[in-house]
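So the sequence lines, in the order shown, correspond to chains C and D.
The first sequence lines up with residues 3 to 430 when you count with our numbering.
The second sequence lines up with residues 3 to 430 when you count with our numbering.
Mixed in with the good hints, there may be bad ones.
It does not matter which identical chain is meant; a pair holds if it fits inside one copy or across any two.
Unchecked claim - Mimicking DMTMM-like on lysine to aspartate or glutamate, the simulated pairs with C-alpha atoms at most 25 Å apart in a straight line are:
1) Lys134 - Asp167
2) Lys306 - Asp55
3) Lys44 - Asp55
4) Lys44 - Asp67
5) Lys317 - Asp62
6) Lys18 - Glu424
The hints are simulated quantities; they were obtained by calculation from the structure and are not laboratory data.
2 protein chains.
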Amino acid sequence: MKPYSKLTKEELKKLKGQLEKQFEEVKAKGIHLDMSRGKPSKAQLDLSNGLMDVLNGDSDLVSSDGVDCRNYGVLDGITEARKLLADMSEVPERNILIYGNSSLNVMFDTVSRAMTHGIMGSTPWCKLDKVKFLCPVPGYDRHFAITEYFGIEMINVPLLPTGPDMDMVEKLVAEDPAIKGIWCVPKYSNPTGVSYSDETVRRFAHLKPAAKDFRIFWDNAYSIHHLYDDKRDVILELLNECVKAGNPDMVFKFISTSKVSFPGSGIAALAASRANIEDAKSFMKFQTIGHDKLNQLRHVRFFKDMPGMYEHMRKHAAILRPKFEKVEDVLEKEIGGLGIGTWTKPLGGYFISFDSMDGCAKAIVAKAKEAGLIMTGAGATFPYGKDPKDSNIRIAPSFPTVEELAQAAEIFVLSVKLVSVEKLLGAK
Amino acid sequence: MKPYSKLTKEELKKLKGQLEKQFEEVKAKGIHLDMSRGKPSKAQLDLSNGLMDVLNGDSDLVSSDGVDCRNYGVLDGITEARKLLADMSEVPERNILIYGNSSLNVMFDTVSRAMTHGIMGSTPWCKLDKVKFLCPVPGYDRHFAITEYFGIEMINVPLLPTGPDMDMVEKLVAEDPAIKGIWCVPKYSNPTGVSYSDETVRRFAHLKPAAKDFRIFWDNAYSIHHLYDDKRDVILELLNECVKAGNPDMVFKFISTSKVSFPGSGIAALAASRANIEDAKSFMKFQTIGHDKLNQLRHVRFFKDMPGMYEHMRKHAAILRPKFEKVEDVLEKEIGGLGIGTWTKPLGGYFISFDSMDGCAKAIVAKAKEAGLIMTGAGATFPYGKDPKDSNIRIAPSFPTVEELAQAAEIFVLSVKLVSVEKLLGAK
Chain C
3 MKPYSKLTKE ELKKLKGQLE KQFEEVKAKG IHLDMSRGKP SKAQLDLSNG LMDVLNGDSD
63 LVSSDGVDCR NYGVLDGITE ARKLLADMSE VPERNILIYG NSSLNVMFDT VSRAMTHGIM
123 GSTPWCKLDK VKFLCPVPGY DRHFAITEYF GIEMINVPLL PTGPDMDMVE KLVAEDPAIK
183 GIWCVPKYSN PTGVSYSDET VRRFAHLKPA AKDFRIFWDN AYSIHHLYDD KRDVILELLN
243 ECVKAGNPDM VFKFISTSKV SFPGSGIAAL AASRANIEDA KSFMKFQTIG HDKLNQLRHV
303 RFFKDMPGMY EHMRKHAAIL RPKFEKVEDV LEKEIGGLGI GTWTKPLGGY FISFDSMDGC
363 AKAIVAKAKE AGLIMTGAGA TFPYGKDPKD SNIRIAPSFP TVEELAQAAE IFVLSVKLVS
423 VEKLLGAK
Chain D
3 MKPYSKLTKE ELKKLKGQLE KQFEEVKAKG IHLDMSRGKP SKAQLDLSNG LMDVLNGDSD
63 LVSSDGVDCR NYGVLDGITE ARKLLADMSE VPERNILIYG NSSLNVMFDT VSRAMTHGIM
123 GSTPWCKLDK VKFLCPVPGY DRHFAITEYF GIEMINVPLL PTGPDMDMVE KLVAEDPAIK
183 GIWCVPKYSN PTGVSYSDET VRRFAHLKPA AKDFRIFWDN AYSIHHLYDD KRDVILELLN
243 ECVKAGNPDM VFKFISTSKV SFPGSGIAAL AASRANIEDA KSFMKFQTIG HDKLNQLRHV
303 RFFKDMPGMY EHMRKHAAIL RPKFEKVEDV LEKEIGGLGI GTWTKPLGGY FISFDSMDGC
363 AKAIVAKAKE AGLIMTGAGA TFPYGKDPKD SNIRIAPSFP TVEELAQAAE IFVLSVKLVS
423 VEKLLGAK
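The following block holds chain C by itself, in its conformation from the complex (with noise of 0.2 Å):
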């Protein structure tokens, strides 16, 4: 078929007919399918049940080290775990602090903790007229809601497929010393599935902030989360080149092992430098005498090590790799060369990421979810919920099984191609 924008009006209203029964068709099936968050599956959660039984009662529950874990204390977290997240962050043990179940709590306490106490002796955000923030975009809507909540004001970066605009981080960091911090999803980016180049993680690594406290707020959520044994993407490690560059202090590096193991039973941690580790532990031996060890030590007898947690990842790739297909399919098949809509094919991650004509993205949520399909509100990917040209939206293939994900792709191709002949039968 040719592209929508070929079409005469005339051709636009039949379509538009036709489209128009087949929905009606599909909403009388009363499906419905929630695709609008980045959950695993019931089969992915079912790969880690092993976790529950590492430790019982009979267990030697005390740490390498001679801790028992059942007790109160060890603020930084058991030795086998700091090894363990270390080595999942690609740092040295001494640059890692564990933390409690989710690293979204590591990034809302550190934005916190900078409002009220500042970063290594800065100013307390919250003593300032204004800060701000730099956020590539698309991007991931609980970042952007944090520093909402703390009154920060975001300034949107485009995501290039080499990562943000570099040339407009290093001008905007470098001018404006309000600006204390970026948000970034370095590999398999939340949504668009982008990895930074190494071009783009030096030139992170040599940004001139103006501000002393600047942090480049790196949440590396989906480090290990391919879809594919044989193709992946690999990006360099930002704190090693932050200290080649002379910026050791520059990066606060997230992880956690919510999409490993369990969401909300896992393990985060912050990988810093030693300044930046020692100034987080100021702030968290008056919040917490400890955090879970004996979740510590289960996560580490049950993984034991890098390979033992690549062995796990290739269990929910295999899990993945056939749902993100099969949405890549029906787009290909039922939108592909008709000139309304592009979308991304990730090489790992939660997302695909959908781009319509400008204008269409909440009309296209709006009308998948008159079917039975709840989507990720369009403009989520966007600070303030904002998308200056309403055309991005999040597809998250994960929860639903291959034959929901049949459904709902068949529900999402009909939804675009109608409020798009919409859309072009307006301008006509």
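Using the hints, position chain D against chain C.
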């Protein structure tokens, strides 16, 4: 033996010589004991090993209302955990918000939230010139550390046998709008073991604070931590009293299972009015997607209900009781009637509070350390670590064995005697 104050200078000198000889003998034993913190002993931790057995890979990991506890979600905590901790807090389920592994963390985050966002719409505390907290003394060092960390001015309020000096509390909160809170451990108070009288609780409920965002920080850390079956303290439930008094929003109650199951691997909660719970959630929803639901499920499956928890606490009491009694016996036998110290005999909680002659506490703790006994630092039970009388010492008998405690008590009483004799000699 007669009171030291009645001894002549010569008698004191002779006594000093004898005590120094005894002390050298004890010191020569090369003892290393840590009695500084209220940590459960290994025997107590063993009581909860079954917690590691209740969930395994074949378990039904779905909550009573159908939530897969392995996946994201459920900000408030799973239904059965809300019920259990509501019962433990003696409030309806609608007044409970489940948090992570530590009530200290809940308290810290509550103060942090007030700093950056205020409470229920009030001005964020970080925007105010001055914020003050009332601190009943002696009290819990980690409470005081939180308020000090946030630059909150702390005002000492004497803790009487009935609870804080309510004449002073009523007057101060009514007069000074900068007073935003008061730290309370209402039952088996840390370190005195005092439980607040019904009148004290009612007067708390009827406070007329000048600050609308004044809150009572009610840390019910030892709510079910009795030492005896047949005698125990009972306190009025404060939230209910606040509702009756027309002040439903004035209290934050904090609770956890830290000294019920495993410290660091327990579950914690905030109990408060719905308006306060919604306010807390408006912060928490940006901070996390949810706390560890598997650990919530684990706790409910292990304890089942409050009778289950009470039965468990009786086992803790059976281990703790002889330790408290051993320390009390040695103190009575060795120091009773000498006029050089008084101490509490609590019916529950984790501490015995000792008051030496004025100006002796620091020296006693230092002396004990010489012989290998680490105690809580003198002054720690007061804001800024400053005990105006230098007399209060917190004794934490939980962690050592009864045999170790006998040794520890011997070192302690010798240290008290020596320092007291030196003090009296200095005054002659």
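These are the hints, each one checked on the structure:
| no. | hint | result |
| --- | --- | --- |
| 1 | Lys134 - Asp167 | within (17 Å within a copy, 47 Å between copies) |
| 2 | Lys306 - Asp55 | both (14 Å within a copy, 21 Å between copies) |
| 3 | Lys44 - Asp55 | both (18 Å within a copy, 23 Å between copies) |
| 4 | Lys44 - Asp67 | between (36 Å within a copy, 17 Å between copies) |
| 5 | Lys317 - Asp62 | between (29 Å within a copy, 22 Å between copies) |
| 6 | Lys18 - Glu424 | within (8 Å within a copy, 99 Å between copies) |
Comparing the model with each numbered hint stated earlier shows that all of them hold.
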